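Colleague: Each chain, letter by letter, is given below.
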Amino acid sequence: MATVEARPRTWGDRFVDARRVTDGFLSGGGLLLLILLFLVWAVIDRRDAVVIGVVEGSILALGAVGLTLIYGVLKFAHFAHGDSMMLSAYCAFLLLSGVVTGSRPGVDSEILPVTISDLPAATNEIWKFSFGYGLLVAMALSALVTAGILVLLDRLVYRRLRQRNSGIVIFSIASLGLAIAIRSLVLIVWGPTPRKYTTAVREHIDLPFDTTILADQLFILAAAITVTVLAYILLFRTKLGKAMRAMADNPELARISGIKTELVIMLTWALGGGLVAVAGVLLALQAQLDPQLGFVLLLPLFAAAILGGVGNPQGAFFGGMIVGVVQAVVVTFGFLSPGYKFSVAFVILILILLIRPRGLFGTRL
Amino acid sequence: MTFTVPRLAEFRAKPASLIAPATIALVTVLLIAIPYERSNGDTSGVISFLVSFLTFVAIYAIFVLGLNVQWGYSGVFNFGVLGFFMLGAYTAAIVTKEPASGNFTDYVGGFGGDLDLLPWLSSEQWLPHLVGLAAAAALAGILALLLSVTALRLRDDYLAIATIGVAEVLRRVVIEETWLVNGTRGLTGVPRPLTGLVDSGDYKYLLLAICVGFLALTYFLIERAIRSPWGRVLMALREDEMATEAGGKNVFAFKTQSFMMGAAIMGAGGAIYAYAASSLTPEVFTHFFATFLFWAMLILGGSGNSRGAIVGAYVLWGFWTITLEFQSYDLPDILQTRMPYIRELVLGGLIVAVLLLRPSGLIPQRRQVSIWVERRLRRRLPAPGGSSSASGPRGLTQ
Numbered sequence: 001m002a003t004v005e006a007r008p009r010t011w012g013d014r015f016v017d018a019r020r021v022t023d024g025f026l027s028g029g030g031l032l033l034l035i036l037l038f039l040v041w042a043v044i045d046r047r048d049a050v051v052i053g054v055v056e057g058s059i060l061a062l063g064a065v066g067l068t069l070i071y072g073v074l075k076f077a078h079f080a081h082g083d084s085m086m087l088s089a090y091c092a093f094l095l096l097s098g099v100v101t102g103s104r105p106g107v108d109s110e111i112l113p114v115t116i117s118d119l120p121a122a123t124n125e126i127w128k129f130s131f132g133y134g135l136l137v138a139m140a141l142s143a144l145v146t147a148g149i150l151v152l153l154d155r156l157v158y159r160r161l162r163q164r165n166s167g168i169v170i171f172s173i174a175s176l177g178l179a180i181a182i183r184s185l186v187l188i189v190w191g192p193t194p195r196k197y198t199t200a201v202r203e204h205i206d207l208p209f210d211t212t213i214l215a216d217q218l219f220i221l222a223a224a225i226t227v228t229v230l231a232y233i234l235l236f237r238t239k240l241g242k243a244m245r246a247m248a249d250n251p252e253l254a255r256i257s258g259i260k261t262e263l264v265i266m267l268t269w270a271l272g273g274g275l276v277a278v279a280g281v282l283l284a285l286q287a288q289l290d291p292q293l294g295f296v297l298l299l300p301l302f303a304a305a306i307l308g309g310v311g312n313p314q315g316a317f318f319g320g321m322i323v324g325v326v327q328a329v330v331v332t333f334g335f336l337s338p339g340y341k342f343s344v345a346f347v348i349l350i351l352i353l354l355i356r357p358r359g360l361f362g363t364r365l
Numbered sequence: 366m367t368f369t370v371p372r373l374a375e376f377r378a379k380p381a382s383l384i385a386p387a388t389i390a391l392v393t394v395l396l397i398a399i400p401y402e403r404s405n406g407d408t409s410g411v412i413s414f415l416v417s418f419l420t421f422v423a424i425y426a427i428f429v430l431g432l433n434v435q436w437g438y439s440g441v442f443n444f445g446v447l448g449f450f451m452l453g454a455y456t457a458a459i460v461t462k463e464p465a466s467g468n469f470t471d472y473v474g475g476f477g478g479d480l481d482l483l484p485w486l487s488s489e490q491w492l493p494h495l496v497g498l499a500a501a502a503a504l505a506g507i508l509a510l511l512l513s514v515t516a517l518r519l520r521d522d523y524l525a526i527a528t529i530g531v532a533e534v535l536r537r538v539v540i541e542e543t544w545l546v547n548g549t550r551g552l553t554g555v556p557r558p559l560t561g562l563v564d565s566g567d568y569k570y571l572l573l574a575i576c577v578g579f580l581a582l583t584y585f586l587i588e589r590a591i592r593s594p595w596g597r598v599l600m601a602l603r604e605d606e607m608a609t610e611a612g613g614k615n616v617f618a619f620k621t622q623s624f625m626m627g628a629a630i631m632g633a634g635g636a637i638y639a640y641a642a643s644s645l646t647p648e649v650f651t652h653f654f655a656t657f658l659f660w661a662m663l664i665l666g667g668s669g670n671s672r673g674a675i676v677g678a679y680v681l682w683g684f685w686t687i688t689l690e691f692q693s694y695d696l697p698d699i700l701q702t703r704m705p706y707i708r709e710l711v712l713g714g715l716i717v718a719v720l721l722l723r724p725s726g727l728i729p730q731r732r733q734v735s736i737w738v739e740r741r742l743r744r745r746l747p748a749p750g751g752s753s754s755a756s757g758p759r760g761l762t763q
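Chains A and B are the protein sequences, given in the same order. According to my numbering, the first sequence is numbered sequentially starting from 1. According to my numbering, the second sequence is numbered sequentially starting from 366.
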């Protein structure tokens, strides 16, 4: 916000001035240093919590990268992100099992004539995982479907608002409306009871330094890192990615330079949708499928995106990791019950808004 | 700076839109017809149905008015109405209730008995409620102040995220901290105001009168504030933030004030809700009910004017109540069990549809401050007939 010199000084101004003193230390890398110190301490003292935090953080990171791209390119806060994550997880569930809630709650019926589980050996457990290759196929298909849905919603809703030059807040309200619609759609089709992909036993794996991890969690971590690397290559090693980053940096300049902005916007939704779908499926694998989770997930997702700097995909990745680890470690302190997990993300968000609103890594692409 | 030719169409008298009256009429007819049909023509049943319906419309309209002060008048973006609602409702409840006793109740406060300061005016029936109302409004206003210092100074959408966060944290605190407000068991038996004044059978009319009276008071206070110089700055903010700042107004201060005022209204609304509902359980306070519903009411009614906010509350709560009645008809199972979610789907779709098709809502708000610029420009333009002696388009450039 530009300040106007002529007006009398208010308490707000004095507050801002006082903050500049603390900012000197905190923005000069001090905040990053404090976070690193915390992480080092956590690795030494709370290794099990850190392992869980890294797994959850990698899921959040995937969602936050998509969120920050949409935020950067389209300039609005996409409040349907968490619910899209749930929708894609349920979409993979449908493809895998064909199951929806029947005419009464608690009674399921299959609607798909052919499901992925019908493929030969699709549900045979690979290695120590609790699922077969069918889940991977379902995840990939769900990524395509979710990308398609988000592109379609952009065509139907957001593009019309763009053509009308609506303010960014109108976009956010529309995304809130879509978030409600998506959530209720999930509730209509699959009902409110939480579900799981498989009921197989989850095996532990021993890691060095006295820690254990579930085999599934190892898979989550590997999948999240693979997808992040793919997204990184797309963003930083291809021309389309360059166009996308240019759009996020300065839309007008990008348009003048001959970048097809509508195409880039479409690609942003598609990429965001793909990332959201992978994140959703992995989250459902880590916890469970729960339609109520979507809206609450917005807190850690936005905390991660703002922590990393809005529009900065690498920042969002590390932001997601940090939020995941801090959430998991703080819950082990014992003075907060696990129900407060997402409230921790909110505290991180408020702190970052107070101390360093540009985010840890700044908003550059 | 060059002005484009003003959108003259905006000044021509529009044919009065029939959509708003038609919608209101349709909702009203259904609200009378359905309970009439269900109670087999028993008018007293219809009346008590309508009385309780209108009581809650009045309460929800208070929240929508508060939201309108924030979003409609100054563009402050609050997605956490739930937070202010809960804060107000629980504050009012623990102020008015007696201290906790018994095995399964545990909460702080309970000042109802201490506040009987004017026994000769039977003050135990209204003084705790007034104190609770004031405390609720004050706490909600303070919460808004804290949030604006944190997030409002940065970006509009950061405030939205921060308010969602506050709402979620408060919801968790109410559920997890059983010592504070009795956790998931909830607070029951919040005393109602002025119970000694009428028979218990007629109390519902008095409650309706209290709620409508408070709504009217809020409405007139807001209208009064909006017509003051302070309100003109808010309206200028809504129409052109940058121009207002260039005009020497401290935009952040005005936005903070309007955010606080809206929050205080929501807190007071929460107090009225606690008195009318008389029991508070955390299951009621979902993001859907206490945030989305009010946003949908405001968007549907037309943001930026108080009448639109009240009409939106009436129409949408009417839709909500009517569809709830549908649920008890003999529908196929597949629809019956999904009715709550179908209603939510309709609501989410409605927000998007109104934004796309009729962005100004049922009762559109005309611009009021920057319209003077255009009106002046219009006077300088040659009238369509061509007989005007105005100086022509030269006056358009500066």
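Be a bit skeptical, because a hint or two may be false.
Among the chain B residues that face chain A by a calculated CB cut under 10 Å, a handful are [as the list claims (entries may be wrong)]:
1. Ala-387
2. Thr-388
3. Ile-389
4. Gly-530
5. Val-563
6. Gly-566
7. Asp-567
8. Leu-571
9. Thr-656
10. Asp-698
11. Tyr-706
12. Ala-718
To be clear, the hints were calculated from the coordinates, so they are not data collected in a lab. This structure is a prediction, so every number in the text was calculated from the model and none was measured. Think of the CB as a built atom: it goes at the ideal place given N, C-alpha and C, for glycine as much as any other residue.
Colleague: Honestly, which of those hints from before does the structure not fit?
Modeller: 1, 2, 3, 5, 6, 7 and 8
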